[in-house]
Amino acid sequence: MMNPTVMIVDDALFMRKIMRGILEENGYQVVAEAASGIETMRRLHDHAPDIIILDIILPDANGLDLLKSIFSVSPLSKVAICSSIGQEPIIQKALDLGAKAFILKPFTPEKIVTTLASLEG
Amino acid sequence: MYMSQYRDLFVSESRSHLEAFNGLIVRFENNSAPNIVHELFRHVHSLKGMAATMQFDRIAELAHKLEDLLSTIRDGGISSSQGLIDILLAGSDQLDSMITAIEKGDDIPLPGTDDLISRITGFSPDKHAVPEPENVAAQPGPPLRQYQFRQSDSFKTVRVRTETLDRMVNITGELITTHHRLADQLRNLPGAGLNEPLAQLSSQLRELRDEVFLARMLPFSVVAERLPRLVRDLSRSLGKEVALSINGGEIELDRGILEGITEPLMHILRNAVDHGMELPHMRTAAGKTRSGLITLSLARDKDHVTIVVSDDGRGMDPALLVAKAVDKGLISAGQATVMSPWEAFMLICNPGFSTADTVTGVSGRGVGMDAVKNAVRSLGGSLFIESGIGRGSSFHLKLPLTVSIIQALLVECEALTMAFPVNAVDRTLELTPSDIFEEAGQQCCTLDGNTLPLGNLHRILGQPLPASVRNHIPVIVCRIAGKAVGLIADSIVGQREIFVKPLDKPMSHLKHITGGAIMGNGSIVFIMDINTFSSLP
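As given, the protein sequences belong to chains A and B, one line each in that order.
Going by this note's numbering, the first sequence opens with residue 1, and the numbers climb by one from there.
Going by this note's numbering, the second sequence opens with residue 1001, and the numbers climb by one from there.
Quick caveat, the hints were computed from the structure, so don't treat them as lab data.
Predicted model, so just to flag it, every value in this text is computed and none were measured.
Do not take every clue at face value.
[Said to hold, decoys possible] In silico lysine-lysine, DSSO-like type, Cα no more than 27 angstroms apart, as pairs:
id: 1; chain 1: B; residue 1: K1511; chain 2: B; residue 2: K1501
id: 2; chain 1: A; residue 1: K68; chain 2: A; residue 2: K17
id: 3; chain 1: B; residue 1: K1511; chain 2: B; residue 2: K1328
id: 4; chain 1: B; residue 1: K1511; chain 2: A; residue 2: K105
id: 5; chain 1: B; residue 1: K1328; chain 2: A; residue 2: K17
[Claimed, not checked] Label-pair restraints from in silico Cβ distances:
id: 6; chain 1: A; residue 1: G86; chain 2: B; residue 2: M1217; range: 35 to 43 angstroms
id: 7; chain 1: B; residue 1: S1523; chain 2: A; residue 2: H47; range: 37 to 45 angstroms
id: 8; chain 1: B; residue 1: R1290; chain 2: A; residue 2: G21; range: 23 to 31 angstroms
id: 9; chain 1: B; residue 1: N1423; chain 2: A; residue 2: H47; range: 47 to 55 angstroms
id: 10; chain 1: B; residue 1: D1210; chain 2: A; residue 2: Q87; range: 16 to 24 angstroms
id: 11; chain 1: B; residue 1: D1114; chain 2: A; residue 2: G21; range: 45 to 53 angstroms
id: 12; chain 1: A; residue 1: H47; chain 2: B; residue 2: E1211; range: 26 to 34 angstroms
id: 13; chain 1: A; residue 1: G21; chain 2: B; residue 2: E1259; range: 53 to 61 angstroms
id: 14; chain 1: A; residue 1: H47; chain 2: B; residue 2: Q1185; range: 48 to 56 angstroms
id: 15; chain 1: A; residue 1: G21; chain 2: B; residue 2: P1351; range: 46 to 54 angstroms
id: 16; chain 1: B; residue 1: L1218; chain 2: A; residue 2: E25; range: 55 to 63 angstroms
id: 17; chain 1: B; residue 1: G1494; chain 2: A; residue 2: G21; range: 53 to 61 angstroms
id: 18; chain 1: A; residue 1: G21; chain 2: B; residue 2: L1218; range: 27 to 35 angstroms
For glycine and all other residues, C-beta sits at the position ideal for the given N, C-alpha and C.
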């Protein structure tokens, strides 16, 4: 079986690099990174990754508003929201909109690994 | 711990967020639009997330408090006020100093944040400022968030370390040198059938050079972001009202030029606020608006960029400048009588010439206008000043688009070959001995009806003077301290594109030499900086 493919969406290059480091160490294949909503949509057309890790506050979009557009292009992708905004209503809204998991920043490598493992299967 | 490898990235990305944050605060001061508040929020929010991930808890905490304050502003429709701006700026400064501490090494303790945090959490708009009546009346509801996709090219770009770019420029420069060597060698091998491929190589190298330089270009806005804050802070500390308007921030310049020009521009701006601008009551009395305006405009013209900094302040009086220069012994009374206003304004670039009657804490320190002029010149650019009494002053900086590769005039003097940047040379002359006469002990010739003082390059370079009388005497006409002078050489070899290499120690201490270049035959020529002379040697 192929390693699961992942796309990382975060406007901070720093966060993307850390996330990529953790994922690659744990056998995930990072196929794309995006720093904005428009970039996410463009890259999705090329990749349709198994998993999308999605930040909420982006320069040109709100990650939650982006969910619907993401699923319209890549319906099989599983989305894990990754944000430092941890209020219950926001988490609930994300899950209602189709996100499968919520990772609160700051995260530990273990948290990432267990969350993504729960998405598989 | 695996996080330490991300520290540099954290520092550099945090800095970009803070610079953008600072720029937005200044905009927020005059414009409380929800999108500005949202952008402020977004930058501090990103910073918080990054700091928390790095376990820099105090940065994360401070960023979090600022984020809370900004979301209160956004949701409560609170307008900008002096107290609020001060707190945001203090927060930004504190974050900056903490990031600097991290940059210097983990051992340095992070500066305390407690006082500031209590100021932020204790902030209430009523306590710090009374909102303008119309703002009270028109309390806006929670702003509608409108997210729109913007066109973005960011995924077409990659980040490249600046050292890599510098190395690419270096290699390109050496390729050009190798090409010249090859061409020189082939001149001895006529009929080898290599002319065509050599011409092709030459044009491809030119293309490569252009592309490499293009990769080093950055928009001026990269440095422009911090300038409004500089003008704002300074004018407030002097009790003045000054706005800064920047046009052409999208124009791109070589990274090296941008780096070299930032400090001089900041100095010109400091001068404009400190010396150029009048106090609000003086402006009103002179029939001007209370608030002064400084414009910084960039324009691209073929292979150079002009930057003009204009203020609408009090301007400079050329007669006063000249009188002061005579007083200080910088020029003679005779020189003073024939001085054009343009030359008079350039007097402020003389070392030790200060136009302010009192040296203020602002412009009386650090670089003076002489350093500004030298910085511009060493980048291969030029400076020109215009001014009108009561109308303000304009500083025109003309800069090349790139640094390292320049057109130079190769000049021989005894055993030495020197390179003079073409933009520093007005023209060349060939004199006969009868053209040269003496005036007050100074060798001179006539050029366009004026007397041109002559100096000897041999003397400058410590070479023996030519023993025999020559029938053709080559002269380079250039400017020393704003005045045209002629420098006598042995011969003028011709014009060449050269790749300038900076000199390392101990050569970097050589006065009047800005760099070196390797010629086609493998020899080294030094590049002369005529601008470092204050008088004709």
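Against the structure, the hints come out as follows:
1. K1511(B) with K1501(B): Roughly 16 angstroms separates the two Cα atoms, so the pair holds.
2. K68(A) with K17(A): Given pair K68(A), K17(A) holds - Cα atoms ~26 angstroms apart, limit 27 angstroms.
3. K1511(B) with K1328(B): Given pair K1511(B), K1328(B) holds - Cα atoms ~25 angstroms apart, limit 27 angstroms.
4. K1511(B) with K105(A): Roughly 56 angstroms separates the two Cα atoms, so the pair is violated.
5. K1328(B) with K17(A): Roughly 60 angstroms separates the two Cα atoms, so the pair is violated.
6. G86(A) with M1217(B): 35 to 43 angstroms: holds, 42 angstroms
7. S1523(B) with H47(A): 37 to 45 angstroms: Hint violated: Cβ distance 56 angstroms, outside 37 to 45 angstroms.
8. R1290(B) with G21(A): 23 to 31 angstroms: violated, 55 angstroms
9. N1423(B) with H47(A): 47 to 55 angstroms: Hint holds: Cβ distance 50 angstroms, inside 47 to 55 angstroms.
10. D1210(B) with Q87(A): 16 to 24 angstroms: violated, 53 angstroms
11. D1114(B) with G21(A): 45 to 53 angstroms: violated, 34 angstroms
12. H47(A) with E1211(B): 26 to 34 angstroms: Distance hint for H47(A), E1211(B) holds at roughly 30 angstroms.
13. G21(A) with E1259(B): 53 to 61 angstroms: Once the Cβ atoms are compared, 31 angstroms apart, the range 53 to 61 angstroms for E1259(B) and G21(A) is violated.
14. H47(A) with Q1185(B): 48 to 56 angstroms: For H47(A) and Q1185(B) the Cβ distance comes to about 53 angstroms; the hint holds.
15. G21(A) with P1351(B): 46 to 54 angstroms: For P1351(B) against G21(A), whose Cβ atoms are near 53 angstroms apart, the range 46 to 54 angstroms holds.
16. L1218(B) with E25(A): 55 to 63 angstroms: violated, 34 angstroms
17. G1494(B) with G21(A): 53 to 61 angstroms: Once the Cβ atoms are compared, 56 angstroms apart, the range 53 to 61 angstroms for G21(A) and G1494(B) holds.
18. G21(A) with L1218(B): 27 to 35 angstroms: The hint (27 to 35 angstroms, Cβ to Cβ) holds, given that G21(A) and L1218(B) are roughly 28 angstroms apart.
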